[in-house]
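Trainee: Same order as they appear, the protein sequences are chains A and B.
Throughout the first sequence, residue numbering follows our numbering, covering 23 to 469 in sequence.
Throughout the second sequence, residue numbering follows our numbering, covering 2 to 206 in sequence.
You may find that some hints are simply not true.
Claimed, not checked - Pair by pair, the computed Cβ-Cβ distance ranges are: (1) ALA284/A - HIS190/B: 53 to 59 Å; (2) ALA247/A - THR70/B: 30 to 36 Å; (3) ALA143/B - GLN279/A: 51 to 57 Å; (4) ALA67/B - GLU248/A: 24 to 30 Å; (5) ALA67/B - ALA335/A: 38 to 44 Å; (6) LEU126/B - ALA247/A: 40 to 46 Å; (7) GLU95/B - ARG304/A: 49 to 55 Å; (8) PRO381/A - GLU95/B: 25 to 31 Å; (9) ARG286/A - SER144/B: 19 to 25 Å; (10) THR70/B - GLU248/A: 25 to 31 Å; (11) LEU126/B - GLY416/A: 44 to 50 Å; (12) GLN279/A - SER144/B: 51 to 57 Å; (13) ARG231/A - THR70/B: 39 to 45 Å.
FYI, nobody ran anything at the bench for these hints, they're computed from the structure.
These numbers were taken from a predicted model, which means no experiment stands behind them.
Positions of the beta carbon are idealized from the N, C-alpha and C atoms, including for glycine.
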Amino acid sequence: MIVVLALTASVLIADYLTGFEVRLSVLYLLPVALATWVAGLGAGVSVSIAAAGAWGLMFRASHTYSGQWILYWEAALNIGTFVLFALLLARLRDALHRADARFVTAMQSLDAAVYVTDARGARILFANRRFLETFPDAERKRDAAPLRERLVETRERDGDRRSSEVVDQDTQRWYLLSERDVRWVDGSQAELHVLTDISDSRHARNLRRQHEETLHRTSRVVALAEMASSLGHELNQPLGAIGAYLEACERLLGNPQPDVAALREVIGKCRSQAGRSGTILRRVREFVARREPVRRETDLNGVLADVIRLLHAEARNDGISIELEADASAAPAPFDRVLLEQALVNLLRNAIEALAGGPLEGRRVVVRTQANSRGEATVSVEDNGTGLAAEVAGRLFTSFVTTKPGGTGLGLSICRSIVEAHGGRLFHEPLANGGCAFRFTLPGGAP
Amino acid sequence: MTESGCLVYVVDDDEAMRDSLCFLLRTAGHDSRGYASAEAFLEARRPQRNSCMLLDMRLPGMGGPALQTALAAGGERMPVIIVTGHGDVPMAVEALKRGAFDFLEKPFEDRLLLSRVGQALQHDLARRECEAQEVARRTRFASLTAREQEVLARVLQGKPSRVIAAELHVTLKTVEFHRARILTRLGVHSAADLFRLFLAPDVLQ
């Protein structure tokens, strides 16, 4: 206010001293502008009237017009100009104010936590209410470094999309973090970060996945049980018949003069029933094995890369990274690609499931190929989990023995059959870091 | 092979099973006949002999349970031994409720099978004797005159001759006369024999 008055007075004095020869009255706009911007339209209008009045009084004291009305006209012109200026400025000020309020309201009511840091990501320039509620400490210090430590990235970024999933170490909640470069109000380069809480949807997604997995496994177990049951029914017939025939033979032999011809006939029938049992079993085996390995020149490392790609998403969901350490000297050899993929999928799934139950940090599966001078390749699937209990390790390859709810206990047996069909060997090794490794060998060249 | 007069029906759709069971039963001294389906069994002529049946529950066509029901509806009371596959226990329980003699689960012990068949045949024999006596009793009762039947019914109810005479509006002497005739006609010597003969509960109805 004092500044406004001082300004007005100084313009007035300057005007008076120059004898109103120079049109300084335009300078009254300065205090008017100041008053309007700081205190609003009312103050602007008041200052306008005061300035015009002061000008009129001063002018009248020192000059005389040929007509009184000229003075009034000029005073009115001044007032009009000043007030119009104050009005326009007030409108501009309101508009700016409203635009800012709209932006702030939108930001504050967002469900996502939004914050802006400088280009280096060190200082927090802006944070919305949700952010302040979620991370009160970070805002107080205006320092983004502790925040970076608290939010741990669990997935690698998806290419250029600049979004990643992070987990808050303090609250164990999950966020989707999206980042984007923006030009900040002062013109400097800044980074806009949006944190969306995805804990609930993530939880729901996990539940759904587990549910699907359970369903899938249950259906497999049911199918297996169905097969076992119908196999039992089918085998009952010839075995029952054989039993009855043999019992009859025994009775015939109990006679003082056994009927040799009848005995011979019955033994023949027994043999044909034994053959029938064999046929049933062979049919089951064909059904299970389905086919002989179809060997084609196959690049082992390529198969590994494909399988890892296949299980990548599944592993990433559990925060597990799968690394391939391929030995480039592993030459292509005649393998059945589909069977080999099946074996690898089984081994990798086992590793993923072994890790999923353990600590979150540093879950890692390494798939390795090593070729030796004889062209023999060794494939290893190593995890850094907690390893296998001794009693489990002893029965690893026993069919129908499982540690997983809903498991069939066939996965590793199938792996072993596949590896052995290729002339290789599958074995298990505990690792020094507590994890475990499954390795299999594959002979190179002609099988 | 001995001819004991016993006949075992084997109803099983599996040819080897049927053949082996029949063969085993024959070596054990039982005559046996095999049928591949319930329909084939129902179509066949069956002699009135001491018999029992080995019935597989899983049959093509009408199936084991339906055959059991059909037999019961036709008044056939021969003992039926149910043969079920593994895990068909609820089916076997249902069969027992329908009146099956016993059930065997495949694969079964053959000696057990033979002993059950023996028991079933024994049971059938006893039942047949019982039924034969029943028939004999009915023929004898029918051979009496109407008045004699009236008197006999009252005698068996334990009424003294005096009461019977009053009820039938005849003299005591007439009742005594009828009683003597009844004894001679039925070839028994005393009232006690009469009671023994007609103790079956349904004969007086």
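Trainee: Indicate, hint by hint, whether the structure satisfies it.
Mentor: So, going through the hints one by one against the coordinates:
1. Between ALA284/A and HIS190/B the C-beta distance comes to about 54 Å, which sits within the given range of 53 to 59 Å.
2. Checked against the hint of 30 to 36 Å, the C-beta distance between ALA247/A and THR70/B comes to roughly 31 Å, which is consistent with it.
3. At roughly 53 Å, the beta-carbon separation of ALA143/B and GLN279/A lies within the given 51 to 57 Å, and the hint holds.
4. At about 25 Å, the beta-carbon gap between ALA67/B and GLU248/A stays in the expected band of 24 to 30 Å.
5. A beta carbon spacing of about 55 Å between ALA67/B and ALA335/A contradicts the range 38 to 44 Å that was offered as a hint.
6. Restraint check, LEU126/B to ALA247/A: a C-beta distance of roughly 44 Å satisfies the suggested window 40 to 46 Å.
7. For the hinted restraint 49 to 55 Å between GLU95/B and ARG304/A, the CB-CB distance of approximately 35 Å leaves it violated.
8. Checked against the hint of 25 to 31 Å, the C-beta distance between PRO381/A and GLU95/B comes to roughly 55 Å, which is inconsistent with it.
9. Here the CB-CB span from ARG286/A to SER144/B is close to 59 Å, at odds with the stated 19 to 25 Å.
10. Between THR70/B and GLU248/A the CB atoms are about 29 Å apart, so this pair conforms to the stated range of 25 to 31 Å.
11. Checked against the given bound of 44 to 50 Å, the beta carbons of LEU126/B and GLY416/A, roughly 59 Å apart, lie outside it.
12. Look at GLN279/A against SER144/B: about 53 Å separates their beta carbons, and that is inside 51 to 57 Å.
13. Under the hint 39 to 45 Å, the C-beta atoms of ARG231/A and THR70/B, about 51 Å apart, miss the expected range.
Going down the numbered hints, you'll see the structure goes against 5, 7, 8, 9, 11 and 13, while the others check out.
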